Every structure is written in structure tokens, then in C-alpha cells.
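Engineer: Keeping the supplied structure of chain D fixed, place chains B and E upon it in accordance with the hints.
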Amino acid sequence: MKYAWYPGCSAEGNSFAYDETSRMIAEALGIEFQEIDDWNCCGATEYFSVNQLPAYALVARNLALINAEETPQVIAPCSACYINLKKTDEKMAKYEQLNTEVNVALAAGNLSYEPGAVKSRHFLDVVCNDVGYEAVKEKMTQSLAGLTLVPYYGCYMGRPEDNFDHPERPQTMDTLLKTLGADVPDYSLKTICCGGHMTQLSAEASLRILRHLLEGANQLNADAMVVGCPMCQLNLDAYQKDVNSAYKTNYQIPIVYFSQVMGLAFGMDPETLMFERGIVSSKAMLEKWLTAEPASKKRRRREKRDKNALPMPKQLES
Amino acid sequence: MPENSYEPKIIGYLCNWCSYAGADGAGLARIEYPPNVKIIRVPCSGRVSPEMVLRTFMQGADGVMVLGCHIGDCHYGNGNHRTAKRFPVYTELMDYMGIPKERLWVQWVSASEGPIFAEVVAEFTERLRTMPPMRGKLEVG
Amino acid sequence: MKKGVYICHCGSNIAGTVDVEEVSKWADDLEDVAISRDYKFMCSSLGQELIEKDIEEYGLDRVVVASCSPHMHESTFRGACQRAGLNPYFMEMANIREHCSWVHKDKEAGTEKSKALVAAALSRVGHHEPLVIQYAPVDKNTLVVGGGIAGIQAALEIANSGYHVYLVEREPSIGGHMSQLDKTFPTLDCSACILTPRMFEAGNHENITLLTYSEVENVDGYIGNFEVRIRKRARAIDEEACTGCGLCEEKCPISVVDDVFEAGLGYRKAVYRPFPQAVPKYPVIDRENCTWYQKGKCRLCEKVCPTDAIDFEQEDEILEVKVGNIIVATGYDAFDARRIPQYGYGRYPNVFTGLEFERMTNAAGPTTGKVVLRDGVNVPESVAIIHCVGSRDKKYNEYCSAVCCMYSLKFAHMVHDKLPDAKVYNFYIDIRTPAKGYEEFYHRLLEEGTIFIRGRAASISDVALTVEEEGKLIVTAEDTLIGEQRRIPVDMAILSTGLEARHDSQEVARTFSISIDKNGFFRERHPKLDPVATMTGGVFIAGAAQGPRDIPSSVAQGAAAAARVLSIIDKGEVEMEAATAEVNDLTCVGCRMCVISCPYEAIDYLEDRQKAEVNRALCKGCGTCVAACPSKSITLHHFTDQELMAQMTGAMNALFEIDGVLMPA
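Chains as they are written, first to last, in the numbering used here: chain D, 1 to 318; chain B, 319 to 459; chain E, 460 to 1124.
One chain only, chain D, in its complex shape (with noise of 0.2 angstroms):
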């Protein structure tokens, strides 16, 4: 499996550990990466309230840059450079106009892009579709048991709605981080907005969903949130200390890429997959899976029926 590659700014800065354990888990599951060569920033999520046009000349210059015949998928590790690799595909196809006034602007760089040619993913999308559970299964030398993990997926992974996942209740990570063995409780706040770039503009607005996020992940013992999302990991991250102070709260929950945590269960060297790099320190979390028992075989007895209780609706099968 060949695909495209496209790390985004903050892999060479502060998810630096994301970029790196993720081509260490691609290389664990036979994903091979073709980093883009040259390529430039997405713009983020502000350039395209600036200027349209640039915005979107400035992404579709990377998928300009991609051999589609090589490699007609394109990875994105960081929600955001993903959401904007796949909607610069989306309306060039769908605009006419936007489509050559685009592709003018990249003649002056001896680039085209026809909208279509290359197909943007998710890394956790690939993960999970494309490699597949049982495959991760195959390549696990330990469990994750005695972790409670926190599966946050942040608002952009599975929006707008045709997306790989349910844009309000996704489960791909929740899934994966059970096939790893992990304990993973139903977050009810999975897909709400980290607050993005909002710390840059009203701390207080930032801190207030960022407590919110924190305080839902709480009160299900996490012991650490797991993201796909540079953005939504540095919020929580580098916040969580002006959370406390704000809020009086003492949050210490390390927030951990999903490639971070395969591959501990890959039996990767938990130095070399840089739990350190996180600003809250994963080490109790770590300690805690060490010295965790092995899961005991004990079959949970079943619930005995409250007398008085009323019966609970099946959940919907997805």
C-alpha cells in the first residue's frame, strides 16, 4: 500500500511526535509513505477567511505536486491539513471557476491540478479501512489493557457529513483503541471543537471549552486522551496547566496521537515513541500500563435485573 505523504507544518514542530510515530506505524502495518516533495503549509484554518483564492491555490499546489498515477491517495495526518486537502478537491471540482482561476495561478509555478486525480485521506481513515482491524490485531505484541483511553476526534475529522466516519457519534478510533485492549468509554464529547485557534484570540473563550473537553474526560478516568489532530492535542496539551489555574482544577491528563499508543501495543520502545514530547507527563500513564495485571479471564457475571429499573433502548448498531 503506496500513498502520498503530506506531514503538514506542525510535523516539524510541535507534532513532531505525531509525524514520527506515525511512519513508524506505517512501516509496522506495509504503508508505504511518498512525502510530497516541496511541500507547502494548507493555510490552516485562517488563511481561507483571508483570501479565498490563495487559500485554495496554496493547497491544491500540494496536490499539484503529487504523481497521481503513482500514488492517487493522498495522507494527511492533521485533521485540519485534511479537511483542507479534501475541500480544495471538492469545490474545484464543483466550481468551474474557482477551478481555473486556481490552476492560473499554479501555471506560474509550471503546476496543474485536475480536480479528482488524487483522493485526500485521514491517516486513522487508512488505518482503519484501508489496513484494517484485524491486521493491527496481527501486528499487536501486547494489550492496552488497565488503560482507560479517551478516543477525541476533534470537529474536524468526520465533518462535513460524507465523511469516513458519523460526523456526531464516530467510532473508528473508539474501535481501534478497543482492538489495542484498552478500556474505552463512550465520550459524549468526542466531536466538539477544541477551540482551535481561539486561545490566540479570547483566552477565555478557549479556556472555558477546553475545561469543558477536560472535565468530560475526567470524570471517565481517563488516563489520557487519545487525538488525531496536532491542533486539538497542542490545545489540550499546553492549556491544561491555564485550565487549572483558571478553573482551579487540577487536570493531569497526557494527550497521546493514536500512533503513539499503537505502538506501544506494537511492542515499540515507549522512548522511542516520545510520550515525552506532551507537556503533561504521560509517565503515570505509562507506569500504570506496566504495571498493570494481565486481564483476568474472570467472566463478567451478567447485571441482574433491577426490580423497579425500566428496560434501556438497544443502542443502534452502525
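Calculated from the structure, these hints are not laboratory results.
This structure is a prediction, so every number in the text was calculated from the model and none was measured.
Worth double-checking, as some hints may not be accurate.
[As the list claims (entries may be wrong)] Taking lysine-lysine and the DSS-like style, the derived pairs with C-alpha atoms no more than 27 angstroms apart in a straight line are:
#: 1; chain 1: E; residue 1: Lys-484; chain 2: E; residue 2: Lys-461
#: 2; chain 1: D; residue 1: Lys-86; chain 2: E; residue 2: Lys-853
#: 3; chain 1: E; residue 1: Lys-710; chain 2: D; residue 2: Lys-304
#: 4; chain 1: E; residue 1: Lys-484; chain 2: E; residue 2: Lys-512
#: 5; chain 1: E; residue 1: Lys-987; chain 2: E; residue 2: Lys-499
#: 6; chain 1: D; residue 1: Lys-94; chain 2: E; residue 2: Lys-564
#: 7; chain 1: E; residue 1: Lys-877; chain 2: E; residue 2: Lys-829
#: 8; chain 1: E; residue 1: Lys-691; chain 2: E; residue 2: Lys-754
#: 9; chain 1: B; residue 1: Lys-403; chain 2: E; residue 2: Lys-1070
#: 10; chain 1: D; residue 1: Lys-87; chain 2: E; residue 2: Lys-854
#: 11; chain 1: D; residue 1: Lys-119; chain 2: E; residue 2: Lys-854
#: 12; chain 1: D; residue 1: Lys-2; chain 2: D; residue 2: Lys-86
#: 13; chain 1: E; residue 1: Lys-599; chain 2: E; residue 2: Lys-691
#: 14; chain 1: E; residue 1: Lys-1091; chain 2: B; residue 2: Lys-403
#: 15; chain 1: D; residue 1: Lys-137; chain 2: D; residue 2: Lys-178
#: 16; chain 1: E; residue 1: Lys-853; chain 2: D; residue 2: Lys-87
#: 17; chain 1: E; residue 1: Lys-895; chain 2: E; residue 2: Lys-987
#: 18; chain 1: D; residue 1: Lys-94; chain 2: E; residue 2: Lys-853
#: 19; chain 1: E; residue 1: Lys-754; chain 2: D; residue 2: Lys-314
#: 20; chain 1: D; residue 1: Lys-119; chain 2: D; residue 2: Lys-2
#: 21; chain 1: D; residue 1: Lys-87; chain 2: D; residue 2: Lys-2
#: 22; chain 1: D; residue 1: Lys-307; chain 2: E; residue 2: Lys-877
#: 23; chain 1: D; residue 1: Lys-307; chain 2: E; residue 2: Lys-829
#: 24; chain 1: E; residue 1: Lys-854; chain 2: D; residue 2: Lys-91
#: 25; chain 1: D; residue 1: Lys-314; chain 2: E; residue 2: Lys-854
#: 26; chain 1: E; residue 1: Lys-829; chain 2: D; residue 2: Lys-304
#: 27; chain 1: D; residue 1: Lys-314; chain 2: E; residue 2: Lys-853
#: 28; chain 1: D; residue 1: Lys-94; chain 2: E; residue 2: Lys-854
#: 29; chain 1: B; residue 1: Lys-419; chain 2: B; residue 2: Lys-403
#: 30; chain 1: E; residue 1: Lys-854; chain 2: D; residue 2: Lys-86
#: 31; chain 1: D; residue 1: Lys-314; chain 2: E; residue 2: Lys-829
#: 32; chain 1: E; residue 1: Lys-987; chain 2: E; residue 2: Lys-977
#: 33; chain 1: E; residue 1: Lys-762; chain 2: E; residue 2: Lys-710
#: 34; chain 1: D; residue 1: Lys-304; chain 2: E; residue 2: Lys-756
Structural biologist: For chains B and E alone, coordinates are given in the frame of chain D:
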């Protein structure tokens, strides 16, 4: 509109129960589509014989549409099964007759698919605009 | 030949985009046209009289009316011709409204298209032959499918007129959704109190054959003469012997969640009646949960039954009945709230659906009418009622479900009534109360202290941010009246789920040869003027199967459908399809292609003469045989090759003429 373009003349044979009602539905919902199609009501798409289609081309039609109920929804049970069997064979013979097979469109449009009917007409009209007009009538000895 | 042409303005509906005067003038010059007129409303009595007068005055022998769809007014104008002594089949319509003025904006293009359509109709009508309408007797029995309030009403109306009804219901008892409800808005009379007498009457009426736990499998025939196959599923109960004492149900050791009658909020046994007032009174054994059928053990019910009515060997019965008319009143499905995961139904115990809450407030329900949380003990101090769940939302159903505002108001009232100290919040988009006494009921609730928040609820979550929110469900919404995001902590949330077409409405529609709309509801013949008839003669629809509606409206439709059926029964005969096929004996070579292609087995092959022959009583006029005949020996009257080709040629010639292209001779 470019100078060399023309307005294709299209005859549509629509079954009374689904597609004709679907076209009525497009009207009720005021969904605009090109005026090129002239609709002829038939009880069932199974009523449309290949000969009728050929005669329509001979009269100078640039395109012919045969629209019926979706398979399984036929008012007569399985009249449209005949349509589904007849026209693929007929279409294959069209090139031999000297009529590009793209000029015939057989499709299923239900009574609730007014918007789809409008889309079908628009798409077919566009397709025919890219082809030269049939111009005039064919005379067969 | 003398042809009359009538171009309808339809007010501005046609005249707005078609130059009707120009079309009329143009048509006047066409071959054989004796008179061409345009008129404001051709379908009005004055418009029809115009045609009648002209037929007499000008001696017209053919009439073309260019107006709306023939589905709308073909019978109207045929009637006008008939009254003037002209064979009704000498009239042809050109559809210049639905197929022209309503779908084109360019007046020039619309006018040209209208000319072509009129020319086509004129050309066609010249080939029309006079057809004689035959009549067939009407079977006086009626089939009513669906034993909800609409079906019960329809069945009773007909039965009380002295005609026999087969009332078929899929569930073990009639009563439908109405039997699950507690109070009915806006009068708050108890649903069971007003429904039970009707159920009893339907169940014991001498003119009603009640077939519950049964389904219609197949329908053949046509208006006045349907043949229906009904599967009466085995209840495993001998109805002759059963007294309905309920001992079997009491002793049955298997208890399962009742997803149907109790909406999942309560339990029932494996042998059960949905509710004590069930009609008929006989229970059924649910084979999927019965230990005997699953594991070959138990038979406790058999041991305790005092009348030996349990019959484990009972098999499904197939009944064949003949009826003249059919009323389909199969009701609705409630929207599945789990499809909107952000409301947490199925995850948060204290999120309930509308039907669950109906059962909860019902004194005969699982909580004996107490409003409690899912634990069955604690009482909510605050309740949120979320309107429009699955309605008015393009992701699920775009339409308004029509009843939710009112039942949400009723729920608010029920909470106030049973828990006077509880706070009640209604989250709404708009309050829609458009019927007698409804708006007044809304005002009553405003007085009772319900807190109305205008804004669709965005989500329900259990993550508390403040002390007040702890242990609560937090409903978030944008309050659009004050322009603020709000978080309202409550103990209980009720989702006012909308109404959807039955999940299998498409299959049901197929069985009865009727069509469905884009939402899966049955399509009426005309949305305003013919709301209970369908495009298939003799098949009528009533109740929420046709679209979301409340009890009064369902009852009205049931009665309306019954009235339509009674008028057909009363007339005693129905018009037969005149446009049937006929074989030309001289040219038929006996190849039998037509026999194979006929969907109705209406063509016989006469061995002795080696010819095919159409049985005109069975022929429905689809014309499939005509297209199949290799020797062109079959004619479908009113859709002959000559007529259709004349229509096509007429249109083509007009188009070339308008184009100004010289026609080859």
C-alpha cells in the same frame, strides 16, 4: 449561446403511471428544465416498440427518451421488464442503422422523482447539443 | 373532419408563460380546425359549456383541450363531450401546464412548445376511434388494511351501512398507535376511553370479519373485483376454545421487553395480549421467545389453560377473499431517536422518546402512570421536552410531523399535572398549533408555567461544568430570542420524535399497486381535491399512511375513504378499461409472443385456430403485447400505432415549421 449550437428536438415516451406523473411532479414543484422535450403519454414503457423509436428518428427527432417505472414498481407488474430487455438489444443495433446510440435514452423515473426527471431532460439535452443535429427527415424506400 | 381547439389560461398559471392567444390563433389555421379558442378556465362549468355549445353549433367531431395534465381533467373534458353527444374518446388533451408553463420561464420557448403539443394532439385526435365503455359489477365486500383508528373508523362506517368488511391487522390486536396513548390533545380525554368502545364495536360487528395477526400477501384484479390473499399467522391459540382468561400469560415464565405496545418501556410475556382491552381477546405465542419453540421445553401455558386452547401445532392459514374496494390505512412508524446520536437516546438512561413517555404517563403503563426516571423510583425535578426530533431537518426528514408540537405541549401539561414542582422546558423551533382548540391549549401551557426556549436543541450531554449541572443531563441550545447559547441542566429529557412512513411502505404500495411519495408515504390521487383516492381505481388510503396527521384528521380520512367506497358499492357497477388490446385475426400468425409478454395472462392461444385472443375483461391496457407482436397484429385501442405516431409526427412537423426549415415532401 455559441452560434453553431442548436436546439435539439426530443420526443419522450413516458409511461402514464410513473414517469408521466413524475413529469407532472416536476411541474407541480416548478422545477425548470429545457423545453426541448415533447412528451407523449403511453400506458407503459412496454408499449413502446423499437419501430416507434425508429420512426421518431425518421421524422427528424434528434433524440428519443423512453422513460418507465423503476423495475419492481410497474403499474402492470412487469411491463417494464420488456422495456429493460428490448432496448439494450435495440441500442446495439442503432449504430448499424446509422444513428448514434447516444441519441436514445431509456431510464426509470418514478412518480415521486420530479427533480430526477428534470435532471434527466437537462442532461440528455446537453448531451444532444454536443452532437450535430439530425436535420430533416429520413426517407426509407 | 371538424376539430375544435381550446387553449386554457388557467388564470395566469399557463397564460403567464405561454402566449395563449398566439397559440390559439396559430392553431386556427391548422388543417381541419373549425374553431380555436382560448379561455380563462376551461375546467369551469362555463369553459365546459363552451365546448358543448361548439360541438353542437359547429358540428365538431374532434376536440383538443390544451390545459393541465390529463391526470387532472381528462375525465372532466370527456364528460363535456359526452354531454354534447360526442364519444368521449374523441377528445385529446395537450399538457401545456405541468409539462410546459410551470417548468419553463422563457415565454417564447413556452409558446413554441405549446404549439407543438397542440399540433401533436390535433394530429393524434384525428385517428381516434369511438370506444364504448363497458361496465362490470362491483363486489359489495370491502377490505380494510390496518386496524388503527383510521382503519377502524372506515370499517365501522361501511359495516354500519350494511356491507361486509374484512379488517386486516398485522399486530395481535387492533387499536394502533392510539391505543398506546394516554391523553389526547387538546381536550385531554383519555385515549383508551374513547378508543376502546370503537375497538369493541369493530371486533363484534356482524358485518366485520376481523383478521388480526394477519397480513395481505397478494392482490389481483381491478376495481369492483379484487381477489386478495391473506396470511393469518398462527397464534398457537385455538380461538374457538380460548376465553381470554389470561391465565397462560400470568403463568408464562418468559418475560421480554415489549418493543411494540410498550415502546420498549415495559415487559410482556412470551404468550401475551398487547394490553388487557385487546380486540380480539385471544393472546398469541411469540415463537421467537417461547421456550417450547426455541428449546422444546416448558408448555406451562398448555398445562394451566382451563379450556385446552393452546395449540402448538397450529399453522398459518391462507385465506382468499373477493372484495370490490380496498382501504389502506397502515399508519406510521415513529422516528428512531437513536439516529440522532447527539441526543444520547440509548446511552443516557434518562432520555426518553415521546412514545415511551406516553406509556409512562398512562395509568395502565409500566409505571402505572408515575413520571419517574429510568431507575423506576426517582422523580425528576426538571424535564426538557425537545421538539422536532427527526422532523424539519434535511438530514432526516424535511417535513413537519404535524403532531409533535401538540403532544409536546400535552407532555408539559402532564408533567405539571403529576409533578407540580417540576420545571418543564420546551425547546422548539416554531410552535405549530393550527387546529380547533390547539392554539388555546398552547396559551394554557404558557399560563401553567412551562418555560419555552426557542431554539432547536443542539445536544444532550452528561458532562457537568458547574455544581448545578452535576448528575444532570445538560441540554444545549441557542436561544434565538435572546441570541445566546444556553445550557439547561435537567433530570429527564423527552425527545418528541416525528412520524415516518412505515419502513415497509414501498412493499405495501407494490402489493396494492399504489405509489409512494419521496418520504415513503402513500401518494394520493390529488393533494387537495382527491386526498383519499389513489391512481389505482378502487384502492383508497386513509390516516398517517398518507402523511403525518393527528387523530381527528385520521378519523376524518377513514370516514372519507369509507364514503368513497360506499358510493362505488351503491352505484353497483364500475367502468371497465375501454383502452384494451385486440388481435387482428387475419394477420395473426400464432407465434405467441404476446402470450409470453402479457403481465396478466389475458391473452389466450386458441389451439384449434392457431390464433391469439385477448380476454378483454382481464386486459389492463398496458400495450406490452403490441410492442412484442412481430406481425403488428395487435392493436391497443386509444394507444394505437397510428395515434401515437400521428402525435409524434404532428409535434415534429410543427417544430420544423416553427424552425422555418423546409419540410421534405
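Engineer: Decide, hint by hint, whether the structure agrees.
Structural biologist: Results of checking the hints against the structure:
no.	hint	in the structure
1	E:Lys-484 to E:Lys-461	holds (16 angstroms)
2	D:Lys-86 to E:Lys-853	holds (23 angstroms)
3	E:Lys-710 to D:Lys-304	holds (21 angstroms)
4	E:Lys-484 to E:Lys-512	holds (20 angstroms)
5	E:Lys-987 to E:Lys-499	holds (21 angstroms)
6	D:Lys-94 to E:Lys-564	holds (26 angstroms)
7	E:Lys-877 to E:Lys-829	holds (8 angstroms)
8	E:Lys-691 to E:Lys-754	holds (25 angstroms)
9	B:Lys-403 to E:Lys-1070	holds (25 angstroms)
10	D:Lys-87 to E:Lys-854	holds (20 angstroms)
11	D:Lys-119 to E:Lys-854	holds (25 angstroms)
12	D:Lys-2 to D:Lys-86	holds (19 angstroms)
13	E:Lys-599 to E:Lys-691	holds (22 angstroms)
14	E:Lys-1091 to B:Lys-403	holds (19 angstroms)
15	D:Lys-137 to D:Lys-178	holds (10 angstroms)
16	E:Lys-853 to D:Lys-87	holds (22 angstroms)
17	E:Lys-895 to E:Lys-987	holds (20 angstroms)
18	D:Lys-94 to E:Lys-853	holds (21 angstroms)
19	E:Lys-754 to D:Lys-314	holds (25 angstroms)
20	D:Lys-119 to D:Lys-2	holds (13 angstroms)
21	D:Lys-87 to D:Lys-2	holds (22 angstroms)
22	D:Lys-307 to E:Lys-877	holds (23 angstroms)
23	D:Lys-307 to E:Lys-829	holds (16 angstroms)
24	E:Lys-854 to D:Lys-91	holds (21 angstroms)
25	D:Lys-314 to E:Lys-854	holds (22 angstroms)
26	E:Lys-829 to D:Lys-304	holds (23 angstroms)
27	D:Lys-314 to E:Lys-853	holds (25 angstroms)
28	D:Lys-94 to E:Lys-854	holds (21 angstroms)
29	B:Lys-419 to B:Lys-403	holds (16 angstroms)
30	E:Lys-854 to D:Lys-86	holds (21 angstroms)
31	D:Lys-314 to E:Lys-829	holds (23 angstroms)
32	E:Lys-987 to E:Lys-977	holds (18 angstroms)
33	E:Lys-762 to E:Lys-710	holds (10 angstroms)
34	D:Lys-304 to E:Lys-756	holds (24 angstroms)
Of the hints listed earlier, there is not a single one the structure fails to meet.
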